[in-house]
Amino acid sequence: MTVERSPADRPKRRKRSYWRDVWARLRRNRLAMVALCYIVILIVAALLAPLLAPQDPIVQNLSQVREPPSPAHPFGTDLYGRDILSRVLYGSRIALMVGVIATAVAITIGLLLGGIAGYYGGVVDQCVIFIYSIVATFPELLFILALTNALPPSGEPRLFKVYLAIGLASWVGICRLTRNLFRSFREQEYVLAAKALGAGPLRIIFRHMLPNMIGFVVVAIAGGIAGAIAAEAGISFLGFGVTPPNPSWGVMVSEGRSYLQSAWWMIVCPAVATLLAVFSFNLLADGLRDAFDPRHQTA
Amino acid sequence: MALLEMKSLTVDFRTLDGALRALHGADLTVETGEIVGLVGESGCGKSQTCLSITRLVHPSGLIRAERLTLEDVSLLELSEREMRGIRGNRISMIFQEPMTSLNPCITIGEQLSEPLVLHRGLSWHSARDRVIEVLGKVGIPDPSRRVREYPHQLSGGMRQRAMIAMALVCQPRLLIADEPTTALDVTVQAQILTLMKRLRDETHAAVLLITHNLGVVAQVCDRVTVMYAGRMIESAPVGPLFARPAHPYTKGLMRSVPRLRIRSGEERRLEAIPGTVPNPWEVPSGCPFHPRCGFAEGICQRELPETTEPMDGHTVACHFAARVIEEAVA
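Chains A and B are the protein sequences, given in the same order.
Position in the first sequence counted from 1, then plus 951, gives you the working numbering.
Position in the second sequence counted from 1, then plus 52, gives you the working numbering.
Hints are computed from structural coordinates only; laboratory data are not their basis.
All C-beta atoms in this analysis are idealised placements derived from N, C-alpha and C, irrespective of residue type, glycine included.
Any given hint could be a false lead.
Calculated Cβ distances over 12 Å to all of chain B for the following chain A residues [what the hints assert, rightly or not]: (1) Y969; (2) M984; (3) L1098; (4) F1111; (5) F1136; (6) E1138; (7) Q1139; (8) A1144; (9) L1161; (10) N1163; (11) M1164; (12) I1165; (13) G1185; (14) E1206; (15) R1208; (16) S1213.
Example chain A residues on the side facing chain B (calculated, C-beta under 8 Å, incomplete) [claimed, not checked]: (17) P1020; (18) A1023; (19) D1237.
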């Protein structure tokens, strides 16, 4: 005897969109999820800094210099009597801004040049390779420093020039990746099929080829933000980036470096903040890389 | 005036070892509403012929022709922009692998809307209704749900139907199908072929069907052109071609098709054509088929045979066409 199965009994065919699949795989990665939570906290902290910060991050109060952590100043105060917690909170704004702006600049340039080079090949490709090889010749730090000084002065002078310079110095990786991927996409039949439909080159590059590397782009964004935050902290520490009194984490570490023995909190707090932020974005990038790769499904 | 006229089409590829000629003066005509089969072994230039019509051969290839026209418009004289206006609009193509010729990241609906957006200036939204209509026409069940799905959610046969629908949304005059059924199951093959025939009857589009399967040719084509080593060697309506092949190569192709029924008393082995397709770098002198040909004599090594028309509408390029036909009739 056969039993007619009602549709409800039938084993359900799992049906999820691409992004839900990625999310499901990412959720199984504990480390990446912890990193993601921390990033969310960081973003909330940056947005709500004026509400959360106990004191103004810039105004000095020379009656309370270099006080150790206490209930009034959980992270202590610095050598001008400013509350370090407040400065670290406001510093997350600078860190995230540099991450977002620099990465946006780098990804835009990288995808554009890489896409065009990979799609057209030939002389165009050679030119793009030539350009990025020149950029890659400079040590990144030097390149950023040179750019910061070379860029024309604009509205909010130093800060945005630093963001822009970091972006302009870090597009080579994504450009090279895009170029190589596009060279392989170019031979795919769906590209020929798109041409046979009458689609032009730009349409094929951006509508047909780019979506096929969306995973790589997302991973590159997360990794790029980590790199940009580290780069900003680095050059600000050296005194060539964001300038005091702006509460950049790099600036704070730099200000505290002479007092490591007597006032360790001045250096430890901003340093840990930088570390955790860079670490989280890197962990998230790695988690995303695995999540976008369906072969990691069972891992 | 034929819909598509091609005369003396050559394609040369620039390679590291010099120019490589893939097509040696191919001739082809396709009339409105006709299904023309293009037959030959792998590497004989079938696909390059098709890609030349839409000027989509690899960028290193140079296309030249005495005449290459669609409705009297010379395709080789158009600018790239004008040519894009023809592709997907007046001439559409269907490719062999429905698995790889649909973009995995774009929904069926969006991919099928693209020609309408490009050529008819429709918005994505208004294109959708037409797409659903065409999907229904090619036999995809529940098209309004399918338009939201991605290619991997469709079976191979359904994907090929979707490809056909994509080629048809703009109602092209000429549909070029490059081995549309090769990658499919036999049962699905038959469905797709029937579909193509029905669509031809409904839309009066002409179809240029590339295949290496003579069964497919017999089933759907009105006329057949046989290619060998970058040349058209025989062209005829389907009936006469199967009844009286005039080229030894065509004849060999027919003998190498397995048959279920063999006349009583007949002992018949499945024959193969000896040898292999010549390497395009080393095309034999004279008639390129002579090293594999049972009819070949001295002249075949020296002279390239002229194309003759031994019967009405039946052209062939062979020195001994008359003898081949005679033998077929006998």
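Cross-check of the supplied hints:
1. Y969: 8 Å, violated
2. M984: 26 Å, holds
3. L1098: The assertion about L1098/A holds, with a minimum of 35 Å to chain B.
4. F1111: 35 Å, holds
5. F1136: Check fails; 10 Å does not lie beyond 12 Å.
6. E1138: Contrary to the label, E1138/A does not stay out of reach of chain B, its closest Cβ about 10 Å off (not over 12 Å).
7. Q1139: 7 Å, violated
8. A1144: Answer for A1144/A: violated, closest chain B Cβ roughly 4 Å.
9. L1161: Violated, since 9 Å does not exceed 12 Å.
10. N1163: Non-interface label on N1163/A violated, nearest chain B Cβ at 5 Å vs cutoff 12 Å.
11. M1164: 9 Å, violated
12. I1165: 7 Å, violated
13. G1185: G1185/A clear of chain B: closest Cβ-Cβ about 37 Å, beyond 12 Å.
14. E1206: 49 Å, holds
15. R1208: 49 Å, holds
16. S1213: 58 Å, holds
17. P1020: P1020/A check fails; min Cβ-Cβ to chain B is 51 Å, beyond 8 Å.
18. A1023: 55 Å, violated
19. D1237: 23 Å, violated
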